[in-house]
Every structure is written in structure tokens, then in C-alpha cells.
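Using the sequences provided together with the hints, build the complete structure.
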Amino acid sequence: MNEMQLTTSAARSESAVQRRSGSGASRSAIIYGLLIAGCIITLIPFIWTILASFKTHAEIIDPAQRTFLPRNFTLQNYETIFNDPSLPLARFYANSLFVALSNVAIHTFTSSLFGYIFAKFEFRFKRVLFAYILATLMIPFQLTMIPSYLILLEFNLTNNLLGLVALSWFNAFGIFLMRQFMQSIPDELLDAARVDGASEWTIYWRIVLPQVLPALATFGVLVFISNWNAYLWPLIVLQDVEVRTLPIILTWYNDRHTSDLGLQMAASILIVMPILVVYLFLQRWVVRGFTLSGIKG
Amino acid sequence: MENIDLQAFTLYWLVIWAVLGSAITPLIFDHRHRSPWQGALLGLVIGVISGQLFGRLILTLLLPVLPAAATWLSMLGGLVLLLPFWWLIKPASQISPRHNGFVAGTITPLTFYLLLLSVLPLAWAILLAFFDYSPRRVGGPVLGLGGENPFVGLQYFQTMITGEGRDGLIFQNSLRNTLVFTALVLPLNMLITIPLAAMIESVHRFFKAIFRTIYFLPVVTSSVGVAVMWGYIYNTQYGLLNDVLGNFGITPIGWLQDPRANILGIPAALLAVVVAYLWQDFGYNLVIFIAALQNIPDSLKEAARVDGASPVQVFRYITLPLLRPTIMVTSILTVISSFQVFDLIQVMTQGGPGRIGLTRVLVLDIYENAFRFEKMGWAASISLAMFLVVALLTVVQTRVLRTRWEY
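Residue numbers (numbering that gives the first Met the number 0), protein chains in the order written: chain A, 0 to 296; chain B, 0 to 406.
Among these hints, one or two may not hold up.
[Claimed, not checked] One side of the interface only, derived from the structure: several residues of chain B facing chain A at Cβ under 8 Å:
#1 Gln-6
#2 Leu-10
#3 Ile-106
#4 Leu-114
#5 Ser-117
#6 Pro-120
#7 Met-198
#8 Pro-217
#9 Tyr-231
#10 Tyr-283
#11 Gln-339
#12 Phe-341
Please keep in mind that the hints were generated in silico from the structure rather than gathered at the bench.
We put the CB at the ideal spot given by N, CA and C, even for glycine.
Below is the structure:
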């Protein structure tokens, strides 16, 4: 409703400006032109990669045969990848999915729980604890990366997918974000449930959680994407090929096929596309999540 | 016993029983009118001891008999002492008002975690910066420091400042590259995203959604994927860029390989990485600016328009000043993230070309020193220095871009 009012008033003032300057149509044509040009620049690397993945090797390397669209459309690159016994793709998808989903489960649970506690309860040292959690947001991961690796080494969890899960129970940003949302839950609602004899865990699970579910889902999507795309930490922790996640597999695979660009592009399409498809379906939530992280973080 | 990974199990037992012990005990204490915080601490200690002791015992005893179930049953070690403890704890003689076992039962595991896996690594990282440390050497009793991993004092920081030796030279080069990278990324990013956001904001709502969706695609793309795609575009013989330039008669340029190629004195490889980084990253600031523009009251812009301001004037004198708080946040975030650039560079150039590495950045230096050359003390001191530089830059940006008004 509000948005509609804004649009109509914008349209009205727009037309007022147009009457005065008379250049409104040409200006909006320029704006659309620039925006479409921007879209083309944004999409070209994807399109170029996708097209290359369907080209034959000869077509890619021979300047005389090189065109933007594939001349001889081929699925050879994909067939090579799917039939490569040294590249059990399903396993790597499963690895990435395991790491990403475990972290989503852990972080959505702990962030909502502690967001709730920091929003709605009073206890000693609450301020100190919360200030510390906020302070950890400022500390770059590279600083604690070496000791974190040494801890994993001590417990022999390097080279183990659990190493990417076992040490990260909490997400400072998530706790902070969820606390913001929890503050808007009316205390009367919680007190009413307490009077009815509900336990605190029941209140959290049955009353608080449903209230913040959309925000929590947005946060969950964010955690999923960042874990799915993570590179540096998995690169350090996972050394054996069979426990690796997709981004490290992509560089490993490409290092072994440096001369075959078509193959490399097909591999990167296979690894990049799943998350893009997820994004296109959930784009509203994804964008909102990133916007929140920028404004609040 | 050999094929069982005892060290990893030690961690599992620790985690499970620290959490369960300190989460459940306060609820029971609360129920019996005792202090839940006391319960949480007791539960933590008893749970950890019992989990370690009986976990190990169960595993050793059962492994020869029931190899499949032994590992799982060993996870129950904490119950051996906790169950009798929970059972035996007496209700307090005088009925005190009920405290909140829920808070004690959740905050205690959180504090335990923060101490063990956040405060400790942080302190450890700072300590490492003063030791010549490698995980392969036998060190002293505390965190492996001392012994064959000797204390070196401020030597690393001296090396960084003087740039002595190979390490110092490479560090200063990495710092310079990182600063140049950031100095290029920040203004270019702002110059792209702010006008683009204003343009997107001005188009019809239907197209706005489409443009935003497309512009955001690179942000969710894995940076390794981005690096591979752009590596192909920059490819000297087969890349799209040289093909296009070839049409204008420009001879192929070794964008990522040729150490001599440069534009206005800036190495071509560094520029190539900057462009790829901008391409991947601009959608992030873009959506933040779009959200910020939506929050600016339309009445302000309209008032200026009624007063006869042109669209460019409205943008310059109304929109831009009102965006200042958002510009502060985005520029801080952009500096922090571009200081941490690693994925693109590690995949596209490995820090090359050239002998000292024209695209070698700080995180790459940290990574290689820590995990390839196992000079973890040196790597830790670089990461500490990096943290200090970023913190300093953040303070400066906050000062420069701070506003004292609201709308």
C-alpha cells in the first residue's frame, strides 16, 4: 500500500519533470540502455563459460574456428567428467551438502536460541558476553585460522569433514541478527505461556521460533551459501581427495587438465550451477539476507 | 585400538558432555530449588570428567567384543557419573524462588565454547606471533610453545618494518599489493554501485526485480568458479578478452602471465584480478544501496524537484548526502573484504607473475607461510599485523564518513 503510494507520487513528479525538461523519455531510454549493458557485462562470463563447455577442444584452441556460439555442439566434456572414475562427483556433492547443511542446522539453532536469550533474559555478565560476541565480528578469520587448525590437528580432525563442523557452534552475526528480531516479540506472549505452565524450552520451540521463522530461514540460506562456496578453510583442513568439498575439487581437477579448457569450463559449470539454481528460486530471501548482513553487520 | 581415532573421540566426548552436563543439570537444580548456575558448573565438570574417563573405558573394554557398537556406546560415558549425580542431588531445605535454569543451561555451554574455541585461539594467535613455531617440532608443554619452537620476541615485527631478507621483502610486497588492490577496488566499487543503484531505483518495479536478480548472480557464485571463468576470459591464446582486442588490431596480452604488461604503471595481472573481484562483489553493495535508497523519504526528493532541481542535482544534493551512513558501512565492509582477498588470486595467478609476485596479497602470504612452509609464527605475526592495519583503516573511515544527523 505504502509502496504503491510512493510509486504513484514518484510517477507524478516524474511526469512534472518531463513536462518541464521534455527529455524524460530519452533519459529513461539512456537509463534502461545502461542497465541492460550492465546486465550483459554481468552475464557474459557465465554465457561464455557455458558455451565453451559445449565446444570441442579443437574449436576452443584454433583461432580460425573460434566463434562465440559453439559450431559443433558437443556433450563430450560433460561425458568425460561423468565417466571419470577418479572424479566421483556424487560424493563431492554429498560432502559439500553435508558440511553446508550441518552448519545451517547448528547455526540456525544456536543463533535463534541465543538471540532469544540475549533479547529477553537478564543475567550477570550479559553485557560483557554480548560485547565479546560482537567484538569477534571484527576479528578477521585469518587471525584465528592458524590456532583453529592446530586445535583440529591436536584432535586429529584434519582431513575429516567433521573438522569443518565440529569447531563452529556459534555464529556471532547470527546471534546478533536474531536478537534484533526477537526484541519485537511481545513479553506478554511469553509470560502468558509461562503462566500456562510451559517450560522455557517449550516456549522457545513452540512460540518464539515460529515468530522468527522467515528471518531464520533467510539467515539459514546465507549460511548455506557461504559454506557451500567456502574455499580457504576447507583447503587447509581437507587434504585427501575423497573428503574434499566442491570448490577445492574444481581447482584440483582443473590443475590436472590445464590444457583442456572445455573440460575445465564444464567442470566449473557443474560446480557453480547448483547454487545459482537455488538462488534463482530463493532470490528474494537471499538478497534480503545479504542486505541485512550489510546494514546490521 | 589402532584403527580407532582416539584423539577425535576425545573431542567428541568433550563437546557432548560439556554441553549436555551444563545444559541439563541446571534444569534439575532449578527444579530442586538450588542455584542453577552452580548446577551448570558442577554439571560441566562432572560431565567432562565422566565423559572422558568412562568414554575411554567403554571404548577399550567393548572394542574387542562389540566393535560396531563400542564407538557409539562410548559416547554415553558422561551418563555414568551424571545420572547418579542428578539422582542424588537433594532438594534445598528452604524453598527459594525459582531461578532460571534455562538461562544457566544455555549460557554456560556458550561461555565454555567461547573460552575454548574463541578466546583461546585468539590468545594463541597473538602468542604465536612471538614464537618461531612449526607444528612438526616438539615444543614446550604449553601449546607447544618454547622448546624447539623458541621465543623470538619482536623479531618478526622488525622484519616486517625493515623488510629485511626474503620474508620481509615478500611481506612488504604483499602489503603493498593488498593496499593497491583495496585502493582500486573501493572507489571503483562505489563509482559503479551508487549510480547503478540510483538507476535501478528509478525504473519500473518489474524491471527493478529482474535487474537486481541478474546483478546479484555473481555474489552467490563460488569465488573459485569466478576465478576459473575469468581465468579463461583472460587466457592469452584462447581468451575472450584478447579475441575482442584482436579485432581492434591489438596483439594478445598475457594478462595473468606477463610481468611486464601494465596499464598506467599498474601491473596488468593485478588489474585483471581487480576487475574479476569487482565483477563478483559489486552486487553486494548494490543491494545495500538499493535498500538504503528505498528508505530515503520521497518527500525530500520531491521538495527539491518542486524547487526546480534537475535529477542530477537531486541526486547530488539530496540523495548522496543522505546515503552517507550507508556509504560508511559499505566502504568499511568493502575494505575489510578486499583486504582478505584470497580465493580469486590463489586460483587465477597464485600470486604471480614476476619473481616477487605482482598479485601476491597478505592472505596468500599468510596461507603459504603457515601451511606450505610451516612457518606458523611468522604467518601469525603477519595476520596480527593485517588485523591491526584493517582496524586502523576502519577507525579512519568511521572518522571521515561519520555523520551527526538523522532524517
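Results for each hint:
Given hint, Gln-6/B at the interface with chain A, holds; its Cβ is 4 Å from that chain's nearest Cβ, closer than 8 Å. Taking 8 Å as the C-beta cut-off, the interface hint given for Leu-10/B holds, the closest approach to chain A being about 4 Å. Annotation: Ile-106/B was flagged as interfacial toward chain A, and the flag holds, the nearest CB pair being 6 Å apart, inside 8 Å. Because the beta carbon of Leu-114/B sits about 10 Å from the nearest beta carbon in chain A, more than 8 Å, this interface hint is broken.
At a threshold of 8 Å, the smallest CB-CB gap from Ser-117/B to chain A is about 6 Å, leaving the interface hint in force. Here the hint on Pro-120/B is kept, as its CB sits about 4 Å from the closest CB of chain A, short of 8 Å. The beta carbon of Met-198/B comes within 5 Å of a beta carbon in chain A, closer than 8 Å, and the hint placing it at the interface holds. Annotation: interface hint on Pro-217/B holds; nearest CB of chain A at approximately 6 Å, less than 8 Å.
A least Cβ separation of about 6 Å between Tyr-231/B and chain A falls short of the 8 Å threshold, and the interface hint therefore holds. With a cut of 8 Å, the hint placing Tyr-283/B at the interface with chain A holds, because the nearest CB-to-CB distance is about 6 Å. A cut of 8 Å between beta carbons decides the hint on Gln-339/B: the least distance to chain A is about 6 Å, and the hint holds. Among the interface hints, the one on Phe-341/B holds; its C-beta lies about 5 Å from the nearest C-beta in chain A, closer than the 8 Å criterion.
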